[in-house]
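Asks: Residue-level listing of the chains:
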Amino acid sequence: MGEFAQILLNAAITGSIYLLAGTGLTLTYGLLRFPNFAYAEFITFGGYIGYLLLQKPDGSLPLAVAAAFFATGLLSLFSHLLCFRPLVNRRASLIPLMVASIGLGYIIRYSIGEMWSWAALSYQPVWQAFDLGPVRVTALWLYLIGAALFTGIGLHLLLTRTKTGKAIRAIAGNPDLALVSGINRDRITFFTCFLGAGFAGVAGVFRAADTQLSPVLGWDILLPIFAVVILGGIGSFYGLIMAAFLLGLAENFGVILLQAVGLSTEYRMAIAFLVLILVLIFRPKGLAG
Amino acid sequence: MAKAVELAVEEVNDAGGVNGRQVKLYQEDDATDPATCLTAIKKLVELNDVKLIIGSMTSGASMTCGPYVAERKVLLVSPSATSPELTGQPWRDYYFRTCPSDTFQGKVMAKIALDEGLKKAVILAMDNPYGTGLAKVIESALGGEAEVLTVIKYDPAKKDYLTELTQIKNLNPDGVFHIGFNDDGRVIYQQALNLGLDKMRWIGCDGVYGTGMFATKAAAEFMAKAMVGTRPASPEGGKYEEFRQAYLAKFNTEPEVFCDTIYDATKLILDACAKTGTDDPAKVREALLSLGRDYEGVSGRLTFDGQGDRISGVYELWAVVKKGEEYAFERVRLIEAE
Amino acid sequence: MDPLFYIADTLVFAGIFALLTLSLNLEYGFTGLGNFGKVAFFMAGAYTYAVMASAHMPCYLCLIGAGLAAGLIGFLITFPVLRLREDYLAIVTLSFGEILRITIKAQEGIAGGVQGIVVPGAFAPFTDSVRLLALANIGLVLFCLLFTFLLVQLLTHSPYGRILRGIREDETAMQAIGKNTVIYKAGALATGSVIAGVAGGLFAQYISFIDPYMFLPLVTFFVWIMLILGGPGNNWGALLGGLTVELINRGTRIAKDYLSLPVDPNNLQFILFGMLIILFLLYRPQGLLPEGPVKTAARKEVLRWRSSLPTGS
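Chains as they are written, first to last, in this note's numbering: chain Z, 8 to 296; chain H, 57 to 394; chain S, 745 to 1057.
Keep in mind that the hints were calculated from the coordinates and are not lab data.
Glycine included, each C-beta is placed from N, C-alpha and C at the ideal position.
Mixed in with the good hints, there may be bad ones.
[Said to hold, decoys possible] These stretches of chain S come out as covered by chain Z in the derived footprint (C-beta under 8 angstroms, 3 or more residues): (1) 819-829; (2) 832-845; (3) 959-973; (4) 1015-1021; (5) 1025-1031.
Pulled out of the complex, with its shape left as it was, chain Z reads as follows:
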């Protein structure tokens, strides 16, 4: 029983990371109608910004998270301004936009590699660990799940209670109608890019704190995040929440199954891909679609 609980905790950890990282991706995917592969690098960038503040054991996690949020948000703003908006204005179709996002990703990733080297770095603070019944928990994991909860509730309030949030939903649902209703599409898009990437940066901080920091931090989990976005339904935040934790469960329990059948744990990634392909074949609009 205690074994199950530990795996459940792992699922919550995985799901929280996917939620934080996937929020921006699904919202901008819904708004701009293309998958932004540079989100991998937004995650990574956030991790490195966090590192600036957490490379000493006495670093402050909240400060690192805040710094990562704002810095990554800004990075996304610049990317949108310099790269994606000009392309969208030239009526670039989906694939050129995708390719551009991959190119942008390489620019960011190798710039990070140049500035910080490709060696793996570690956050120095040692998080307090304690036993909660049969389950072993660290303070870091609690913060992570807390951050995910905060994001979930916060974004829900944003999307339902504020004008901006409703504008986001409007544009995602019917862009022309939204324009005609007087919504400033540019401003809303910028806002979403900033916010979404900010959360991705936060995901990067937690991911780096829990594992290790390297320029491929984000890329390593990008494809499961895509699986989550599509499983939840592109553009749907609520779908994303469900999908993030569903995939978290699938991956963590699935690995047990894999080991039982004698397969290597490397197939963990394949679970996400399997989910992705099944969704695309049987329910392309996703859970919330």
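Starting from the structure of chain Z, add chains H and S where the hints point.
Replies: Okay, now just chains H and S, sitting in the frame of chain Z:
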């Protein structure tokens, strides 16, 4: 490790070079990646006209480059490729190694576990020739005396091992054998500490030896609490001490693991050239085989067997101690392995 | 000094990548299909060749096998998703590449897993001379490249090619005139995959050792850069793109030795490639060599007729 080669070359050049000529050293970085290694070796051989190479550093890269050097008849001497799988390969004619095969290290690791009375163990091995090679040796060396609950092979590039470690937690063994490198080791130990796995005995090996491990404080803590390990050791005193002093004097830092074997590899190659008066790889390899009989190297007494493998090894049992706020590796004792 | 070998090596790699670029050109340049898993079919071909060659089958059979295996896999994987949107195809192909790589990495039984597999060269039994081997490989790659180029030119400058372009421009319109677009798209993907598979076989036997780490998504990215730079929709452009990018790549590696730059050339290379891709997409989306009209026999007739008219019409 490259520094030790530089030291050796400098010493030889200062003493007049080989056959009256100075030794020129070309350096390439193989990034411990087989494909990069092959490209680097091809470049050295084809562009720079190099015929005597020290490398590859890893067993995986050696598997890749072995056939190529055999085909091109270029000499390759590895100081650190320890996988047992390299023994008996068809391309061994032009491949030597000054480090002992992990067949020895695996037996030593198993013996340590048995001596401590461990009954149930898990083997956590990185999924590459080094890891899987050692894992097999350990499993067979444990024989029937301790039970291997499972062998977990992990992807060293993955950087998140919570699932594997949770599995270990649920299996609850007495001890864990871990075969990995610095990069993945740091994450594993950090996460193992988080999961409370420091209650078990962890036995590591040379891949996770190195002050680089302390770059992650959590990993250092974990190692201090739970870990011992083995690594090929340099004998105490004698020629190793001379080497160590020279190394310290020139580079202001202690020699790292395999610095001694790579120094020996360099010296052996250059001595062989001096002996045969040429750098023709075919002749050099003959000279290597004849020089490599009870050769007194800085890494101990070295003898090559017929195919260029080293026939015995000295290993050290190490542990990590915490002194105040700092961590350091400490030698517990030396172990001879046949 | 053997710069000759280095040049030969560059030519062989450029040729192999040119094949990959031609295959992507067929799929994306002409048919508008976003195949982001090119490396998967390249890998399938490489491993098929490796396994067959290790079983001592003759070189040409191995190459054919490599192509067919890749083509079959290409068809099976993409057929279910061809009816879906183009971004879904992109994500599926990308994901599939990773799954294939993981599978081969994890299952030692298939082809050595992480240990990789040694591949006997096609010409190894015939000669020991390294020079001859290099020349023979150049010859083989160029032969395959020529054959593929003619094939792709034929396909794309024909009514079949016009249909493909029609699907690219407006699939609904093509369906409206009664074309089964799914079959055409599947055909393009299958053909592209066969070419990629052959390229993989050539690669495997040339480099004589393959392991899963050689088949990262990075390879797919390179092919895309080659295509976008060279000119989507133009087969000469594909060749040019392949050669150019390979040269830049080689150039950076040599620069590492002979120039001391403040920036690591390897990192700089990718930053440049990323910027190039974005700049080209913004300001020169047609690539260096833009797409020309479909040169069918009918068009030739019309042009001939037109030029034979008296001036002033």
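Asks: Can the stretch 819-829 of chain S be counted as covered by chain Z under the rule of three residues or more with Cβ-Cβ separation shorter than 8 angstroms?
Replies: holds (count 4)
Asks: Within the stretch 832-845 of chain S, is the number of residues with a Cβ closer than 8 angstroms to a Cβ of chain Z three or more?
Replies: holds (count 9)
Asks: With a C-beta cutoff of 8 angstroms, work out whether three or more residues of the stretch 1015-1021 of chain S approach chain Z closely enough for the coverage to hold.
Replies: holds (count 6)
Asks: Examine the stretch 1025-1031 of chain S for residues whose CB is less than 8 angstroms from any CB of chain Z, and state whether their number is three or more.
Replies: holds (count 3)
Asks: Tell me whether the statement that chain Z covers the stretch 959-973 of chain S is true, taking a Cβ distance below 8 angstroms and needing three residues at minimum.
Replies: holds (count 4)
In summary, this structure violates none of the numbered hints.
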